[in-house]
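K.L.:
Starting from the known structure of chain A, arrange chain B on it as the hints suggest.
2 protein chains.
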Amino acid sequence: MKEITGGICAPRGFLAGGIRCGIKPTSQKKDLAIICSLTPCTAAAMFTTNKVKAACVQVSQENIKDGKVRAVIVNSGNANACTGPQGLAAAKKMAEAAAGILQIDPSEVVVASTGVIGVPLPVNLIEKNIDTLKAELRDDVLGHEAALEAIMTTDIRKKEIAVEIELGGKTVRIGVMAKGSGMIHPNMEAAKQATMLAFATTDAAITVDALEACLQNAVKKSFNRVTVDGDTSTNDMIVVLANGKAENPIINSEQTAAYEVFSAALEFVCVTLARMVARDGEGATKLITVTVAGADCEQAAEALAMSVASSSLVKAACFGADANWGRVLCAMGYAGVDFFPDEASVVFKSRAGLVQVCKDGVTVPFDEKKAKEVLSEEEIEILIDLKGTSACISVWGCDLTYDYVKINGDYRS
Amino acid sequence: MKEITGGICAPRGFLAGGIRCGIKPTSQKKDLAIICSLTPCTAAAMFTTNKVKAACVQVSQENIKDGKVRAVIVNSGNANACTGPQGLAAAKKMAEAAAGILQIDPSEVVVASTGVIGVPLPVNLIEKNIDTLKAELRDDVLGHEAALEAIMTTDIRKKEIAVEIELGGKTVRIGVMAKGSGMIHPNMEAAKQATMLAFATTDAAITVDALEACLQNAVKKSFNRVTVDGDTSTNDMIVVLANGKAENPIINSEQTAAYEVFSAALEFVCVTLARMVARDGEGATKLITVTVAGADCEQAAEALAMSVASSSLVKAACFGADANWGRVLCAMGYAGVDFFPDEASVVFKSRAGLVQVCKDGVTVPFDEKKAKEVLSEEEIEILIDLKGTSACISVWGCDLTYDYVKINGDYRS
Chain A
1 MKEITGGICA
11 PRGFLAGGIR
21 CGIKPTSQKK
31 DLAIICSLTP
41 CTAAAMFTTN
51 KVKAACVQVS
61 QENIKDGKVR
71 AVIVNSGNAN
81 ACTGPQGLAA
91 AKKMAEAAAG
101 ILQIDPSEVV
111 VASTGVIGVP
121 LPVNLIEKNI
131 DTLKAELRDD
141 VLGHEAALEA
151 IMTTDIRKKE
161 IAVEIELGGK
171 TVRIGVMAKG
181 SGMIHPNMEA
191 AKQATMLAFA
201 TTDAAITVDA
211 LEACLQNAVK
221 KSFNRVTVDG
231 DTSTNDMIVV
241 LANGKAENPI
251 INSEQTAAYE
261 VFSAALEFVC
271 VTLARMVARD
281 GEGATKLITV
291 TVAGADCEQA
301 AEALAMSVAS
311 SSLVKAACFG
321 ADANWGRVLC
331 AMGYAGVDFF
341 PDEASVVFKS
351 RAGLVQVCKD
361 GVTVPFDEKK
371 AKEVLSEEEI
381 EILIDLKGTS
391 ACISVWGCDL
401 TYDYVKINGD
411 YRS
Chain B
1 MKEITGGICA
11 PRGFLAGGIR
21 CGIKPTSQKK
31 DLAIICSLTP
41 CTAAAMFTTN
51 KVKAACVQVS
61 QENIKDGKVR
71 AVIVNSGNAN
81 ACTGPQGLAA
91 AKKMAEAAAG
101 ILQIDPSEVV
111 VASTGVIGVP
121 LPVNLIEKNI
131 DTLKAELRDD
141 VLGHEAALEA
151 IMTTDIRKKE
161 IAVEIELGGK
171 TVRIGVMAKG
181 SGMIHPNMEA
191 AKQATMLAFA
201 TTDAAITVDA
211 LEACLQNAVK
221 KSFNRVTVDG
231 DTSTNDMIVV
241 LANGKAENPI
251 INSEQTAAYE
261 VFSAALEFVC
271 VTLARMVARD
281 GEGATKLITV
291 TVAGADCEQA
301 AEALAMSVAS
311 SSLVKAACFG
321 ADANWGRVLC
331 AMGYAGVDFF
341 PDEASVVFKS
351 RAGLVQVCKD
361 GVTVPFDEKK
371 AKEVLSEEEI
381 EILIDLKGTS
391 ACISVWGCDL
401 TYDYVKINGD
411 YRS
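Residue numbers (this note's numbering), protein chains in the order written: chain A, 1 to 413; chain B, 1 to 413.
No lab work stands behind these hints, which were simulated from the structure alone. These numbers were taken from a predicted model, which means no experiment stands behind them. Hints are not guaranteed to be accurate.
The list treats identical chains as interchangeable, and a pair is accepted whether it falls inside one copy or across any two copies.
To be verified - Listed below are the simulated DSS-like cross-link pairs for lysine-lysine, each with C-alpha atoms no more than 27 angstroms apart in a straight line:
1) Lys359 with Lys24
2) Lys134 with Lys93
3) Lys372 with Lys2
4) Lys65 with Lys220
5) Lys24 with Lys369
6) Lys359 with Lys372
7) Lys221 with Lys387
8) Lys92 with Lys359
9) Lys406 with Lys370
10) Lys387 with Lys370
11) Lys221 with Lys372
12) Lys372 with Lys406
13) Lys92 with Lys370
14) Lys369 with Lys406
15) Lys221 with Lys92
16) Lys359 with Lys387
Next comes chain A alone, as it looks inside the complex:
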């Protein structure tokens, strides 16, 4: 596997574009994107588990049911959530507009939205500008860049990657882009239900069932292990489109070597973007990786790690580079799973080195200056060992800063 450029336009046969249509009234930023395949695709998606589902989620869940989707239309600046029948109609109009310029059926379109909740979506702006969007469709990195810019809200960094793998003598490519900065604690379910949005393209030949299995595995180990603020959005969504243009022998079973290779590659790109989402959390100055080894089971390890990564007190301590490790144990204690606090060890780690702060549940003498250095780095890791049998898992979060409060104290202006 090697990293390549081109993002979601790296796989053969995919086009993308992005424009400004005016949904963000006070901004000159792009706000409407489209991604599509020249030919039919197999597709898989996962959506938010929030009981309040945006209109786009409802429409997309319906359209993805048959595994046949070849385009995604996305607006930023408005979530089209809590907007009633009018919102549902608007989401359908978005699908129809995209279908119109691509000469496909609206049921082949996934619709995604991100932005403020509860404000009617000015879908007329999308309809009015859809031909401009069509004119901007490109199959190169510029198409990818324009689409990526158009899906961003409070995002500061661009989150994308593409890789190339070999399958049956053919070169297969996977590209993925994501947006997400606040209201991030994705908890997505298979083909059912972040405002984390992620869109992946691949020219692999793969069946819907195999693609769904790959996606579920990848999301479980990536986006569902990210938290910025503990708020699971009404709009979270990940979609992967596979158009088969690589002409590899079709991946049609989980019991094949090709499946393993493709699945590992999809997991790699999703984990890479999940880390980027955490690092770009609203106001964040640091990426925090929480790794738990030796829990009772993987599920327990994940619950413990997510509890630590979600703790406002741990997050604020990381912002201040304060080795207040007691907050780590405290957060594990209310995770709702059993573990033996007396067997816990905690190590803070970064490029600056590592410092053990807790052994067998109690403090060990440590160099405060060194700990401060370790925690002052931009990427820090909290390593927790519980001496049990489960494998080591990692989750990703960020620090809690003044800027998070600033950004969210007046989000709508």
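P.N.:
For chain B alone, kept in the frame of chain A given last:
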């Protein structure tokens, strides 16, 4: 029922005192308190459900088992949590020191601690200064004030109340004090397992069983409905001591009018203090009351309300007085309970008036200027109606501010 002065020294036969013994090395504030009854008491307590329990919690759980406790010794500045066998020994020494000056058995003492986790408690400072503490014991409001000051950490406001009720021709008094500002999301269980600390005294004559029942009801409807930052402490604790000095006919059954009156009074004082804890949340500028009416059941209503009060995004919006009501519905959506978003109405309310922002799950036109006025008040309420059958319940939280980040970015210095 009427409010009276005197706090925990208002009930007859109770003494209290507080001094500085040096546990907070960089501060001149008091850090050691004692509360005791001149005569034996029946007692009930509830402790944190965190799997990581401070040494004081472990010792106190043991001592309260027989329902006979007549003193509470409390230090601030150090949680004595994650401190191993040494910490357990230190907690026992605290009980012994208190017992020594009061000439009672150490098993009649409850021990409470609050402060940084994972640092060995310098119990020698407590032992060295215990006679000074004895000399400061008083049965008047000054004893109450000194003890209250000594249990505070990042608290800015003093949280206390006392009331008087009539039972069987006798005047019965209840006094309570609490500390708690950060790491506040109490989840306490009966006689088992908040760093929310609350201490109540009463001169009522009441059996242990009746006292426990009263306390469980009161805590369920008060402290367990408060959140500042979602972090459930390793040290949360509430203790009530009843010495019978009021000479009322003993309350020995839940099926009596006297029980009802006493229980309602205890609930009132606990709810009053729970609101004070939320208002005094670290960095808070506002008390936020979230009220849910018409859920499927009380448990669902509580889960929905706590999810809204815990949401960083809702809290930041309240800080900014931004009527971003979509975040309210979003937080309800991930509360993990069923409800019909399409039937939800949301109203923002304060002294400045009320503004409906959502009806039947969708936006209603509202005056943004008025909404800003309503949300700019120091006490605001988010009223949610789901049109179901359950009773109306309220929970309490606070806004998320720059100062929360500041306080917790460098708590240990």
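K.L.:
Which of the listed hints are broken here?
P.N.:
Numbers 3, 11, 13 and 15, in rising order.
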